[in-house]
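Residue strings, one per chain:
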Amino acid sequence: MNLPAESVSFLAAHGRAYLYVLAADGTARGWPMIARYHDGVLVMTTYRKAPKTPHLAQAKRATVVVTSDEGASPFRYAVAEGPLSLRDITPDMADEVTRSIHGATPGGTKISHFRARLLEGKRALIEVRVDSAPLHTLEAA
Amino acid sequence: MSRPKPSVAMTPEEIAAFLSACANPAAVCVPDGKGGLVARMARYHMTGSDPAQDLSLSLMGAAADLPAGEGVCVLVDTYPSYAGICGAMLHGRLQVDGNEARLEARRVSGFDFTKLKK
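Which chain is which? The protein sequence lines are A and B, in order.
Note that the first sequence covers residues 1 to 141 in the numbering used here.
Note that the second sequence covers residues 1001 to 1118 in the numbering used here.
Looking at chain A on its own, in the form it has when it is part of the complex:
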């Protein structure tokens, strides 16, 4: 899916996000997340035992609202939608996932800590392949 260049640039430059799915009971469920856009996919992680995980496991698609940084003016956001996948992060995936999230080769204190948490085997990878991501600007207060 070819997204508009403006949407791709925005997704690549921003990480604050809200992940929403339609739950089995027909209600919307959402969570604040940090998301990274990488090769057409929004990548996130969560604990495998997090309360959100059962909802994500049953959902086929997700909506991810990716926003400007807090306090930005104008405040812009993209409403990204697409198929959702959820899978456990195995130790052999730790380097690949770390690069996807941090955009760098593993190393450094912060990245080492993140990678170490992945190696514990307690986290899951959330991927949303973005079909569409229209950009909006929040009305001024």
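Everything labelled a hint here was simulated from the structure, so no lab data went into it.
Keep in mind that a hint or two might mislead.
Unchecked claim - In silico lysine to aspartate or glutamate, EDC-like type, Cα no more than 20 Å apart, as pairs:
1. B:K1005 to A:E120
2. A:K122 to A:D88
3. A:K52 to A:D92
4. A:K60 to B:D1032
5. B:K1115 to B:E1013
6. A:K60 to A:D88
7. B:K1117 to B:D1032
8. A:K60 to A:E120
9. A:K52 to B:D1112
10. B:K1034 to A:D131
11. B:K1034 to A:D92
12. A:K49 to A:D131
13. B:K1034 to B:E1014
14. B:K1034 to B:E1070
Once you've looked at the hints, dock chain B against the given chain A.
For chain B alone, kept in the frame of chain A given last:
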């Protein structure tokens, strides 16, 4: 014996105070009735001290696409740092009146990561 894990949950009073003070817009998501979701950012204000009844949303601009309905999820959070994350999650029904909407929340919860340091 391990110590009990500290809770990051906010009390109802803390949630009300957080929502009254937070300047960030709300993320609002409504099922569209056709198996999809409509999600928008919207400015909000509190009309009283009860988050379940007193959260009013401005449906200006793209937020005008938000339909009235059940099964709504509203998120308001702040993320100055991982240790400083605070937020509120509200689930309920959205009542729309022109370019304003009121949330009737059946479930309200909040999280405050700064409690982990206390």
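Hint check results:
1. B:K1005 to A:E120: Holds, at about 19 Å.
2. A:K122 to A:D88: holds, 8 Å
3. A:K52 to A:D92: Not satisfied, since the Cα-Cα distance of roughly 24 Å exceeds 20 Å.
4. A:K60 to B:D1032: holds, 16 Å
5. B:K1115 to B:E1013: holds, 15 Å
6. A:K60 to A:D88: holds, 17 Å
7. B:K1117 to B:D1032: violated, 41 Å
8. A:K60 to A:E120: Cα-Cα ~27 Å, so violated.
9. A:K52 to B:D1112: holds, 18 Å
10. B:K1034 to A:D131: Roughly 18 Å separates the two Cα atoms, so the pair holds.
11. B:K1034 to A:D92: With a Cα-Cα distance of about 39 Å, the restraint between B:K1034 and A:D92 is violated, given a limit of 20 Å.
12. A:K49 to A:D131: This hinted pair is violated, its Cα atoms lying about 28 Å apart.
13. B:K1034 to B:E1014: Judged against 20 Å, a Cα distance of about 36 Å means the pair is violated.
14. B:K1034 to B:E1070: holds, 13 Å
Hint compliance for this structure: hints 3, 7, 8, 11, 12 and 13 are not met, and every other hint is.
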